[in-house]
Amino acid sequence: MPKLIKNGRVVSDDWQIVTLAEGETAANAVVPPGRVLVPLAVWQARREKLAGRADTGELGVWLNGSEGPEALADNAARFAVIGIDFPKFTDGRGYSTATLLRTRYGYSGELRAIGDVLRDQFNYLTRCGFDALQPRAGRYTDEQLEAATASLADFTVPYQASVTHPQPLFRRVARGIPPQVKS
Amino acid sequence: MYRYDDYDQQLLDERVVQFRDQMRRHLAGELSDDEFRPLRLQNGLYIQRHAPMFRISVPYGHLASRQLRKLAHLARTYDRGYAHFTTRTNVQFNWSPLEAIPDMLGELATVQMHANQTSGNDIRNITADAFAGVAADEIVDPRPWAEILRQWATYNPEFAYLPRKFKIALNGATEDRVVVRIYDIGLDLKRDADGNIGFRVLVGGGLGRTPILGEEIASFVPWQHLVTYCESILRVYNRYGRRDNVWKARIKILVKALGAEEFARQVEEEWAHVKDGPNTLTEEEVQRVAAHFVDPDYETLPERNALYEAQLADSKPFAAWVKRNVRAHKVPGYASVTLSLKKTGVAPGDISAEQMDFVADWADRFSFGEARMTHEQNVVLADVKLSDLHTLWQLARDAGLATPNIGLLTDIICCPGGDFCSLANAKSIPIAQAIQQRFDDLDYLYDIGDIDINISGCMNACGHHHVGNIGILGVDKNGEEWYQVTIGGEQGNATALGKVIGPSFARAQMADVVEKLIETYIEYRHEDERFVDTVHRLGIEPFKQRVYGGEVQKQRKVAHA
Numbered sequence: 001m002p003k004l005i006k007n008g009r010v011v012s013d014d015w016q017i018v019t020l021a022e023g024e025t026a027a028n029a030v031v032p033p034g035r036v037l038v039p040l041a042v043w044q045a046r047r048e049k050l051a052g053r054a055d056t057g058e059l060g061v062w063l064n065g066s067e068g069p070e071a072l073a074d075n076a077a078r079f080a081v082i083g084i085d086f087p088k089f090t091d092g093r094g095y096s097t098a099t100l101l102r103t104r105y106g107y108s109g110e111l112r113a114i115g116d117v118l119r120d121q122f123n124y125l126t127r128c129g130f131d132a133l134q135p136r137a138g139r140y141t142d143e144q145l146e147a148a149t150a151s152l153a154d155f156t157v158p159y160q161a162s163v164t165h166p167q168p169l170f171r172r173v174a175r176g177i178p179p180q181v182k183s
Numbered sequence: 001m002y003r004y005d006d007y008d009q010q011l012l013d014e015r016v017v018q019f020r021d022q023m024r025r026h027l028a029g030e031l032s033d034d035e036f037r038p039l040r041l042q043n044g045l046y047i048q049r050h051a052p053m054f055r056i057s058v059p060y061g062h063l064a065s066r067q068l069r070k071l072a073h074l075a076r077t078y079d080r081g082y083a084h085f086t087t088r089t090n091v092q093f094n095w096s097p098l099e100a101i102p103d104m105l106g107e108l109a110t111v112q113m114h115a116n117q118t119s120g121n122d123i124r125n126i127t128a129d130a131f132a133g134v135a136a137d138e139i140v141d142p143r144p145w146a147e148i149l150r151q152w153a154t155y156n157p158e159f160a161y162l163p164r165k166f167k168i169a170l171n172g173a174t175e176d177r178v179v180v181r182i183y184d185i186g187l188d189l190k191r192d193a194d195g196n197i198g199f200r201v202l203v204g205g206g207l208g209r210t211p212i213l214g215e216e217i218a219s220f221v222p223w224q225h226l227v228t229y230c231e232s233i234l235r236v237y238n239r240y241g242r243r244d245n246v247w248k249a250r251i252k253i254l255v256k257a258l259g260a261e262e263f264a265r266q267v268e269e270e271w272a273h274v275k276d277g278p279n280t281l282t283e284e285e286v287q288r289v290a291a292h293f294v295d296p297d298y299e300t301l302p303e304r305n306a307l308y309e310a311q312l313a314d315s316k317p318f319a320a321w322v323k324r325n326v327r328a329h330k331v332p333g334y335a336s337v338t339l340s341l342k343k344t345g346v347a348p349g350d351i352s353a354e355q356m357d358f359v360a361d362w363a364d365r366f367s368f369g370e371a372r373m374t375h376e377q378n379v380v381l382a383d384v385k386l387s388d389l390h391t392l393w394q395l396a397r398d399a400g401l402a403t404p405n406i407g408l409l410t411d412i413i414c415c416p417g418g419d420f421c422s423l424a425n426a427k428s429i430p431i432a433q434a435i436q437q438r439f440d441d442l443d444y445l446y447d448i449g450d451i452d453i454n455i456s457g458c459m460n461a462c463g464h465h466h467v468g469n470i471g472i473l474g475v476d477k478n479g480e481e482w483y484q485v486t487i488g489g490e491q492g493n494a495t496a497l498g499k500v501i502g503p504s505f506a507r508a509q510m511a512d513v514v515e516k517l518i519e520t521y522i523e524y525r526h527e528d529e530r531f532v533d534t535v536h537r538l539g540i541e542p543f544k545q546r547v548y549g550g551e552v553q554k555q556r557k558v559a560h561a
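Quick note, the sequences are listed as chains A and B, same order. So that you can map any letter, position 90 of the first sequence is 90 in full-length UniProt numbering, and since no number is skipped, the others follow by simple counting. So that you can map any letter, position 295 of the second sequence is 295 in full-length UniProt numbering, and since no number is skipped, the others follow by simple counting.
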């Protein structure tokens, strides 16, 4: 079973991420049984059919880089898992998507970063609201993934408000004015 | 200046630990070149033509003397004994060994310095007026606001992987000394009728391949909302900025595609959600930050100083230096001094370790322990007593830092160009030096008067060539270096982009070309008219005629001979 980081720990994962194979469309793509994350387009095309599985917590949805949280809006809460795909780790749109899902759309289920996800982004991803981090299969060995959890704590007292620190530093702590440093 | 508390320091120390491990994993092969690139860039590390280039951040250009000494120490210990000061008030070392970068970061952290976000597709070092706090025309001191934005932008998790780099500048004075219109976000601090502070917001400026001046999207954002408003701009940009083409990824392209009005509407829509949210600034926080920027302990001095005036009358060279390099100060008996990094024969913006130590000493002795970097690549000692000017001048002259040329033709803005930068298409420094050598007569320079020559070695426009009165851009034609010339560009309140005068020139021609442009100006100028005003009055035609006309004739003669 593949591994991922969830709430700061390496765990085994039984969710399957469905992608459209060549020739498949959202309407006819195969959605296997069990726990699956389907592309947003599949959900949109076959909502009636899939709603039951979503409501029993067996179906999640994933957004590609250009799909924003508006696409889910009122529906977000019905998914046990929402994935946000990073087509390249340098594509930062998913950080805003996650932030909005958590702060504006009230999503409190599992928010999973998928695709080109690297340990050097773990801290920022977490602060934007991702509680599950799933690097591409094979990118890290089990040992490396275990070691990578250290990156979650890269910065412990961030300045700005974000999902994990809803108040900026100046509202969280009393910051005095240090004395003038002698040159 | 801003002094770190334990929180600032902890973040910085954590950054050093993070980067040391990233470097370790990279050298161990766990992080590929492609994966390491954005990480090292966010820590100021470029892989350059000859060696790694290491770019250190100097927020809004402020340097304490101990920070200058640290830079001097790094230059000596790890690099080749000098540093380069840039138009973005960053400091660059051109020869730093890759493996030493974590140690250099560690040393910088001990003096509250870093290389955070000096490159990469993130919010870059924030710039402000070099004369902030001392300028007579200041409406609002921009430094506390720059510092507040610096903290918000530092390791901001949502905006660390933007479509492209993102640059913010603040101006708080009547005269725009930061060129607010050439930044992704330019902020003009203002006061409303009741004296409340707010910001005029300009968005979508930038030079580079597609030079565009920023447009106003809000005329007055009250101070409480500075961060939430900027956050809204960044979120719209992060979500909708183009990512398919690196040359079209800057926010200016998005603003242009949508139109400033539609872009402003989208920002307002986003802002409606976050306005009054947690990032809203409090009176207490603003006061806390502002308390770092209170006036130093100025002495109560008379407006005039007899000794100083006698010194001025006695020494023509001293008077010339004062005329060009010394500015009036808001406090009686004080002045601001610009130390020139534009001595002929030295690459513009370069400063040796020894000189950095000198400047640190003078900062301690004459200017409350602080120096500032200007976007014109010079150094300012902002708070010098009139009675100290003559002594400072003598010391600066001995150290090669008193060239009396601020604002004159030889005070050239110039990027490192092809001598160092791997992006450059052509060399910049030899052009600057050829021009400086051609115009070596101070009297002639004074007669020419105020003029900006800006040189960039490539489209990225680090030398801000578009806004130079004379702008020079290095271009590559079939593997050869050529130089395109623009005139009529301008910085400041009347910021304007220059116009290309015609086909580009070979390197050897450049001093001649500038000389012809200047001759044309001298011939046509009205009394007290600056070069750029003559260009604006006459258009580029007479200049073009002079520069190309003779050449064409000469070539014809040769052809007929």
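Rather than coming from a laboratory, the hints here were simulated on the basis of the structure. Some hints could be false.
Here chain B is said to cover these stretches of chain A; the calculated rule only asks that three of the stretch's residues, wherever they fall, bring their Cβ under 8 Å from a Cβ of chain B [stated by the list, open to error]:
| id | stretch |
| --- | --- |
| 1 | 32-41 |
| 2 | 83-96 |
| 3 | 151-158 |
Since the model is a prediction, treat every value here as computed from it, not as a measurement. Positions of the beta carbon are idealized from the N, C-alpha and C atoms, including for glycine.
Going through the hints against the structure:
1. 32-41: n = 0 at 8 Å, threshold three: violated.
2. 83-96: holds (count 7)
3. 151-158: holds (count 6)
Of the hints listed earlier, the one the structure fails to meet is number 1.
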